[in-house]
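With chain L fixed as given, assemble chains R and Y onto it according to the hints.
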Amino acid sequence: MPCNDSISRRTMIRRLAIGASGTLLLSIFPKLSFGKEDAPGASQTPAKKRPLYAYAVDTSRCIGCCACMRACRAENDVPEGRFRTWVERYRVRANGEALVDVAAQDNFVFTEPPAEDIVKAFFVPKLCNHCEKSVCSQVCPVGASYESPEGVVLVDQKRCIGCGYCVQACPYGTRFIHPETHTAGKCTLCYHRITRGELPACVLACPKGARMFGDLHDPLSHLSVFMKQRRYRVLKPEMGTHPKCYYIDLDLEVV
Amino acid sequence: MTKQNDDMKVRPDYRHAYPVLVILFVLVTAGLTVRRLLVPKSFGEYGYFRADAMDDEKAIQPRHVGRAACVECHEDIAAIHAKDVHASVECETCHGVGGKHVKDNDVPMARADAKNDCLVCHRQLDARPGSFPQVDWQKHYQFVGVNDPTTACVRCHSGHEPLYLDHDLRTARLHPLIQQCNSCHMGRTDETLKKPDTHPKIFQCDYCHADLAKSFAQGSHTKVSCTTCHLFIKETAFSGRIVRNTNPKFCLLCHRKEAFKGNAGGKESGPPTIEWPAHIKDVSKDALDPNRPCVNCHQDQIHALYTKEAHHAM
Amino acid sequence: MNYVFPNELHVTWTVMIVLYPYITGLVAGAFIVSSLYHVFGREELKPISRFSLASAFVFLLFATLPLLMHLGHPERAFNIMLTPHFTSAMAGFGYIYTTYLILVALEIWFVMRCDLIKRAQESGFLPWICRIVVLFNYKDTPETREADHRVTKFLAGLGIPLACMLHGYVGFLFGSIKANPWWATPMMFIIFIFSAIVSGISVLIFHYFIVSRINGWKIDAACVRSLARYLWAFMMVAVALEMMELLSIAYEQTEATDVLGLLIRTKLFWSYVVLQFMVCSLVPFIMLAVTALFRLSDRVAYALIWLSSCMLLAQVLLMRWNVVIGGQLVSKSMRGFTSYMPGVWEKEGLITAAVIFTLPFGILYVFHRIVSLFPDVEKEGIPPHGV
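Residue numbers (our numbering), protein chains in the order written: chain L, 1 to 255; chain R, 1 to 314; chain Y, 1 to 387.
Isolated chain L, as found in the complex:
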């Protein structure tokens, strides 16, 4: 091709450079189209809908035995002093003051005998709320914290850099930095169990059925039916996180 003298070599190079750098700039964000696609196997079995796992806690049933905490620890190697789940005890005094505590040590057993001036008392189990709009996943700078297609909030232990931003962002205090792996740790809803069709360890261990787990996409699941029958609320709804852990009989004192 004969070289056109009106376009100098320099101009050509300049144009090429601009074009190339433009392309490169765009390719900084090569996967901007990352979106939630269909679940694994969804296309093969169209008849069965992908599950959406959720959790419910009937606080009126909880007896504060903390079997859930022990089961969680036995199932998941939760490090000493960190908690994937815990049971809060609320004791309201006659003067309206609320005493809140957790049996965080000694096998998680509450031992104090009843006190005179307590007018109302109850237990509230806590765990990761597996929020629909989980802030922890939102703020993870490297995409290591994510929501699985089944609605379970998980941490990629091989990509987590251990910055702790998710720990700060979680309004429920359910995350921690694992002192040995140095990555974010949290409740996985026993993902390894539920994907095998088993119950999370805490649900299994609860002797009073205060903890419930199920598939919201299955209208006949234990949880779906229960949710239709009972009135419930979530923790800190003002955070806009849309938790999928529903609390029945939640007291105003509980945050």
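Just so you know, the hints here were simulated from the structure itself, not pulled from any lab data.
Nothing here was measured: the structure is a model prediction, and the numbers come from that model.
Idealized CB from N, CA, C, for every residue including glycine.
It is possible that some hints are incorrect.
[Said to hold, decoys possible] Going by beta-carbon spacing under 7 Å, a handful of chain Y positions derived as facing chain R: (1) Leu-82; (2) Leu-135; (3) Lys-139; (4) Pro-142; (5) Thr-144; (6) Lys-267.
Same frame as chain L, now just chains R and Y:
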């Protein structure tokens, strides 16, 4: 500024900066290439994360095996366990995780039969729901006459069937409390019913079962509440199931003679106790069936028998 | 009272994360001082313009060090550039930081090119480095200088929004955490930018005085007095913004007011109320006002200005502490406080912090050995030309 000293104005010469641009360009290109190579393959498959991370999570082996695995070998215990009040308690809640034991039966399970193990659930706490059985163990030991404080709960209450229910908990009938409400509240405008102070104490047994309560007050079991023998299992705020327990083993929880019971400091304490099973031979020449309910003989010591007439007269 | 969620007993962000916004703040502030000369033509700041640019550069080099010390997996740090999750305020860090680092490096290159060329003519190890840095191109003509000047001005102008972005972004990082009532405010990033400028000017004054004293240089009165006026202005805005934030918390009476009030009255009483506000804001404010409004002898004025710069350096450090640590002390249960005190020798302890904070000064000295940061400086005793 250009108008007066056009000739003095220095035209910039940028040529020395071109290599810098080239270096920058090379650096950025190299960076982006490296980035392309290092992003994991499965990243972005389902969202902004590495899809294989879910497989990492799934690969973890469960440690709790669940009741079904226990039943495979311990069918006998499972059958007992399933009918009593501990039916809702998972085996592994008391015995620890069973993963290892299932793989290798020589690995023992935990026993959890010390007093403190039971008190994890049954210690009296103000935050425990009132309907849940809970004890101040010192008071309870005093009441049943246990004088050795080191005695384990399982000496009387088996962990698998703590109350020795004589029929399956699951077949217990729903106590018709709600029907009682309706019988007054439907179509009646009796003002007294709407005043809290004058409202009948429907949650107290003797309101409906006055005749039985009256005869009960004359018996010897006045220190025991109705729901001790007529176990009440609360289902909602207004209803529950009633299980009447006439298993002799249940009566023997209090009345069996044990080394750790009674005669504390030479003084008789707790309820009267009997030698078992010698007691059957003592009272009858032809040996009675040891599963015969005690109330067949001892009904008068508890309360008069339930009669339909008395019930409907209420 | 005093219930904290069990995971909150461990404070996740340590003194390293206090240091990180502090150092980036120094960067942003120092850079803005250099831009006041390069872009806005504040000629009186010329003596300190190179020094400020170089300070910005060395602090920028060390801004990531406290972060790397803090990360559970520093070896995975580049994940933030490999898979930046842009829904996260933190994800931009890698790219913003790198862009800014390149920009400052380029600006330094263009500003100091002629001096680097001069130095490159000598023999020895450092001149050898200079030769590589100027890319073996020793052409130094009025034309190239004009080009350098124009590029510098362009980069310095571009750098101001980037500096604000880098540092405002750090503020946003905290301000966007809705779960934390002590952090969650849109004011946070503006507060951070102004406190950054305050700390940047302070560190320059502080360091300039020390360097001058050690070397027996004549302090440039016009420069220092101008810096002091800027410092006074920016510190007033910074403190006013912080007060406004406090005022709105107190006035709005939201559900967080009680717990934050208690936080200020108890856990942060000394570091926040007494030291940050009463001592390190009020006293420098008065001293700087006096130097700006009254005719004082250079000796007295310098003393007041230097003292103010020290106290304001401390004020900004305290502010970072009170934000980063203070925010984590409040339990998300709103029912109590946890506590935190850094260890001395631990990985994220005080010694590490001190080393990280001292290192940039050392590198700055090496920098100065390669190319003088004060090319026009005069020795004490020789009368200054302009003043």
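Okay, the hints, checked on the actual structure:
1. Leu-82: holds, 5 Å
2. Leu-135: With a minimum Cβ separation of about 5 Å from chain R (threshold 7 Å), the hint on Y:Leu-135 holds.
3. Lys-139: It holds, given that the least Cβ distance between Y:Lys-139 and chain R is near 6 Å, below 7 Å.
4. Pro-142: It holds, given that the least Cβ distance between Y:Pro-142 and chain R is near 5 Å, below 7 Å.
5. Thr-144: Where the cut-off is 7 Å and the nearest Cβ of chain R is about 5 Å from Y:Thr-144, the hint holds.
6. Lys-267: violated, 29 Å
The structure fails to meet hint 6 from the earlier list, while all remaining hints are met.
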